[in-house]
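Participant: Sequence order for the protein chains is A and B. Here the numbering used here is used: the first residue of the first sequence is 1, the next is one more, and so on. Here the numbering used here is used: the first residue of the second sequence is 1, the next is one more, and so on.
Rather than coming from a laboratory, the hints here were simulated on the basis of the structure. Worth double-checking, as some hints may not be accurate.
Note that identical chains are pooled: a pair holds if it fits in a single copy or bridges any two copies.
What the hints assert, rightly or not - With a Cα cut of at most 25 Å, we get these calculated DSS-like pairs of lysine-lysine: (1) K312 - K151; (2) K292 - K216; (3) K151 - K292; (4) K151 - K298; (5) K72 - K282; (6) K292 - K253; (7) K191 - K168.
There are 2 protein chains.
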Amino acid sequence: MTRIPFETMKREVKQAFVSAGMSEEKADMCAQVHTETSCDGVFSHGLNRVARFVDYVKQGLVDVNAEPSLIKSLGAIEVYNGNRGPGILNAISAMDRAMEIAKNYGVGIVTLQNTTHWMRGGTYGLKAVEKGFIGICWTNTESVMPAWGGKNTRIGNNPFVMAVPRKKGPVILDMAMSQYSYGKLQTTRLKNELLPYPGGFDENGNLTSEPGPIEKTMRVLPTGYWKGSGFSILLDAVAATMSGGLSTNEIDKEQAGSCGGCSQVFIAMDPAQINGEEHSEKVVDGIVEYIKTSEPEKENGEVYYPGENSAKNRQDNMEHGIPVDEEIWKEVLSLAK
Amino acid sequence: MTRIPFETMKREVKQAFVSAGMSEEKADMCAQVHTETSCDGVFSHGLNRVARFVDYVKQGLVDVNAEPSLIKSLGAIEVYNGNRGPGILNAISAMDRAMEIAKNYGVGIVTLQNTTHWMRGGTYGLKAVEKGFIGICWTNTESVMPAWGGKNTRIGNNPFVMAVPRKKGPVILDMAMSQYSYGKLQTTRLKNELLPYPGGFDENGNLTSEPGPIEKTMRVLPTGYWKGSGFSILLDAVAATMSGGLSTNEIDKEQAGSCGGCSQVFIAMDPAQINGEEHSEKVVDGIVEYIKTSEPEKENGEVYYPGENSAKNRQDNMEHGIPVDEEIWKEVLSLAK
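Given only the sequences and the hints, what does the whole structure look like? Please build it.
Facilitator: Quick look at the structure:
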């Protein structure tokens, strides 16, 4: 396995973005996020998305020079037009502004319309907890799976993120509304393996753990069957109404790449303003400790709190280098030339 | 099947609450909610919870005369102590206040500490949409299932509600973090049936659709496996930190009945302030229509939007009376004497 040092990866990714027309400063911010994402073990949205982003820029689906512009302020909510700028930069700016608002009102919400793919949603939860805020955010997407009881794609996987600060390591959830991503289906199929639990329906309408038939039907299982289907629909409705932006059915019509023109919500809350930071830390530590006292299902197993594994990956990969797929790494190097 | 007219059921439930020491006015509000809940088809949290509520009052676990008191205001967030008053009344008051705040700031959040069981969470989403607001709310609970990878109960089912207004029928999700409730396991077992999909682990650690073995191990499956486990933990952490109240592990120590001393979050947002009510209605109608154009999985089947079925139940049961279990109805009548 090839492992690339963090700074090397970031340098090359940045250069790929500069070559695509981005300013040094913006390319640096985006490269930082892609590299951190791979470093945390979420390869699908880190290094592996660099080439597609560059392709979207070349196709004119992302405007590397666009900045978000304020449409409306209601007090504790502000609505921005993302102007199809880089999704990462729009989202960082949105969560930053939500935290500023939360300093004054206890909570701040920024909604974004007309933005582009934000890569890993967890990034913006981490941005919030680094500054001591609770971060909640989600995006809608184009349709990728059927609503519960249907056969054709009608709902997005609409990743939903919730993050709570904790000095010993934040507690963070980054959850798509499909039980498995198409990326997971593909890698599992290429390894000739089965999914750990059924992931969708085959051509005969039977649940299956084989990835191939699910890729064909596109009848991916929503997270928790009818529940994830419902949650996806609600996340879409709130994002579209509160941003004045596109809903999943309208994104489908746009045909502007994955998440092209999507709508997003960023919520920041300040737990330290309730009973002080010390109390908040104690509460979250107590929750984590309770989980960690679980009797593990597997002998010598361990029960993890949400976010624990990515933090471990980050530590390990900072030390030993970030694992890469050699073909993908070569492609990024060629884009960086 | 015995069916009881709405007004008859409400009258008897109200009388049961008055007999337990509640004021006429408060008993009327609580009876309205229990009756609406059964009318919408959520029997488990409607008529079927009346006797347990009365029992909790008699045990001193719920103080029928307590009112919520303001602890802190941060601007767009207010924190209240529920003082172990009736969960329904505390929650109605919290969502009402969140909507008042949202009129001024676009968003309003009320958190509640030290409250009691709110019965059906969807009630407070419906309260929000009736007034044209988006309502998001959740509660933590005592632990009812293991965290993912563990064998002993560590996390709550922490119902999460999201509701968006729509004149033709609101879109509303009311989702617990366990794939099935213990109530569902019990009724399925009594009918000698299987769950539609696996609901938990048996004594040998295998997934099973048989309810009996799951009731024994208490290894209920979180909604979407690891995802619902993580979501439950985050909902708990946000509710406890932002209310200054108890987390699931602390509720477990209280031993004050189901949800005794729990923490809750109520968020109201005003979509009409973004682009006007008409635009918001159009967006949500578009989302619903897209879902309804799904090709159904089953011949002559139908794909429902979240909230559609309860609205249909309500209409049907208002017309023909609310179905009741005769034993449960007799018990309520005896409490009403």
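Participant: Give a verdict on every hint.
Facilitator: Outcome of the hint check:
1. K312 - K151: between (39 Å within a copy, 23 Å between copies)
2. K292 - K216: between (40 Å within a copy, 23 Å between copies)
3. K151 - K292: between (40 Å within a copy, 12 Å between copies)
4. K151 - K298: between (37 Å within a copy, 9 Å between copies)
5. K72 - K282: Answer is between; shortest inter-copy Cα gap is 20 Å, intra-copy 38 Å.
6. K292 - K253: For K292 and K253, only the inter-copy Cα distance (17 Å) is at most 25 Å; the intra-copy one is 46 Å.
7. K191 - K168: Result: close neither inside a copy nor across copies, 36 Å intra and 48 Å inter.
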